[in-house]
Amino acid sequence: MRKSNATIAWRRKDLLDIESLSREEIELILATAESFKEVSRREIKKVPALRGKTLVNLFYEPSTRTRVSFEVAAKRLSLDVINIASETSSVKKGETLIDTGKNIEALKVDIIVVRHNYSGAAAMLARSLRVSVVNAGDGWHEHPTQALLDIFTLKEKLGAIKGLKVSIIGDIAHSRVARSNIWGLLKLGASVKVCAPKILIPAAIEEMGVTVTESLDEAIADADAVNVLRMQFERDSQDAFPKQLEYFKNFGITEERLAKLSKKIVIMHPGPINRGIEMSSAVADGPHSVILEQVTNGIAVRMAVLFLVAQANEYINPTKHFSNPKGENKV
Amino acid sequence: MNNFKEKAVILSAEEIKRIIYRLTHQILENNSSVGEIALIGIQTRGAYLAKRVQAIVKEIEGVELPLGVLDITLYRDDLTAVDSNPTVKETQLDFDINGKIVVLIDDVLFTGRTIRAALDEIMDFGRPQKVELLVLIDRGHRELPIRADFVGKNIPTSTQETVKVCLEEVDGKDEVVIGEKI
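Quick mapping for you: the protein sequence lines, in order, are chains Z and G.
If you count by the numbering used here, then the first sequence holds residues 478 to 808, one letter each, in order.
If you count by the numbering used here, then the second sequence holds residues 114 to 295, one letter each, in order.
One or more of the hints may lead you astray.
What the hints assert, rightly or not - Straight line, CA to CA, 30 Å or less: simulated DSS-like cross-link-like pairs of lysine-lysine:
(1) K164/G / K639/Z
(2) K164/G / K522/Z
(3) K202/G / K514/Z
(4) K514/Z / K164/G
(5) K522/Z / K202/G
I should point out that these hints are in silico values taken from the structure, not numbers from a laboratory.
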């Protein structure tokens, strides 16, 4: 993997989205994640970097993969982790998000990782609190760490993002993963095509700078990589989505389709996979798939994000006061 | 470094070269079993010094010592207090350090806190037989009970002063300069 040379400093106490990040900030996260990847290969997979700090996973939507990934990342940085699921908390008693946040802050927690079904929930929490807030998915808005780990995996596989052709396939309309990926990929110089049945393509998506197709074969024809989104049938309250078999027939990735391509492409999926709907099992487990590498890389990327926001917040809101008059030399 | 006012050049390229040769000989003199020695350099300049020591050992003994690189950022005790945002660089220790005589290498020994962090990190990788410390410059002002086994040059400094080690590989030239922060 080509080593990034990020030179800027990270100055945000929160990570809320990809849209507001600069290319340099994204590259800094990726470069930091590269260094963190090594920690998970050690016999003792833990560094004392954030020892004494506490992280709360505040999840208003069900999640296993993202929550566990944040928890593993946090523990490898020596953070203490507390998980709050909305079903078992006083959210059920009608407490507002900000009140919950302020109560968590009053417990002297340092980082809140929040997933919420309302777009903008993480940003609202971040504005109201001094603690760091990391968005683990807000409504249809963004899921920044998923995009970062997708991009990290792509970079690891293909060397550089600039100039890559990436197609995102599936429910673009309801996908925060798609939105975050589009912002990130475009900022790093990739070109992005989205592919879905018409009903799942949001109006005016082209204005983000992507091209649109309803043909899967066209979407994969000259792509270097495809990111296949999960069909969120549980969100289809109006019964408007194509039926599962119909979807697989038109948009499912199969070995037959891949065999027609002139080059090998990288296949990503944020999980959990619906086998036989978004892709066949053979593809999911086949040589093109980097799905499990994405999961592994998610730890390094989230370690980098937690480390950077914690460090920046300490700079913005110092909790302890060292004098460091010694100047240039490392102490 | 824009906020650095140079006062004097302390070591020239030629002197640095001779010093590294001497320090390498001292390592070999101190440790009769070359096969047990492993070198670990602290990012960034310590890593390049370690590489030079490795090359000289190869030249003298014909043995290529295992070489590792340590980034101690994640083991610092002032991680979030410094006003510069330290970038996390990679640690590379691809050999078994259990039972090895580890020679830890850094450019400047000052408060000793970097070495404390490095020792903690090394212990997370295993249990070396012994850890020795090699530094190009010892400028004093220790804040921890740490000393170097092999010292290139002792340079008494005031705390206002800064010692800047430049190495060809990173800075384009070999030189040690003393200066002041402005």
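Those earlier numbered hints the structure runs against, lowest number first: 1
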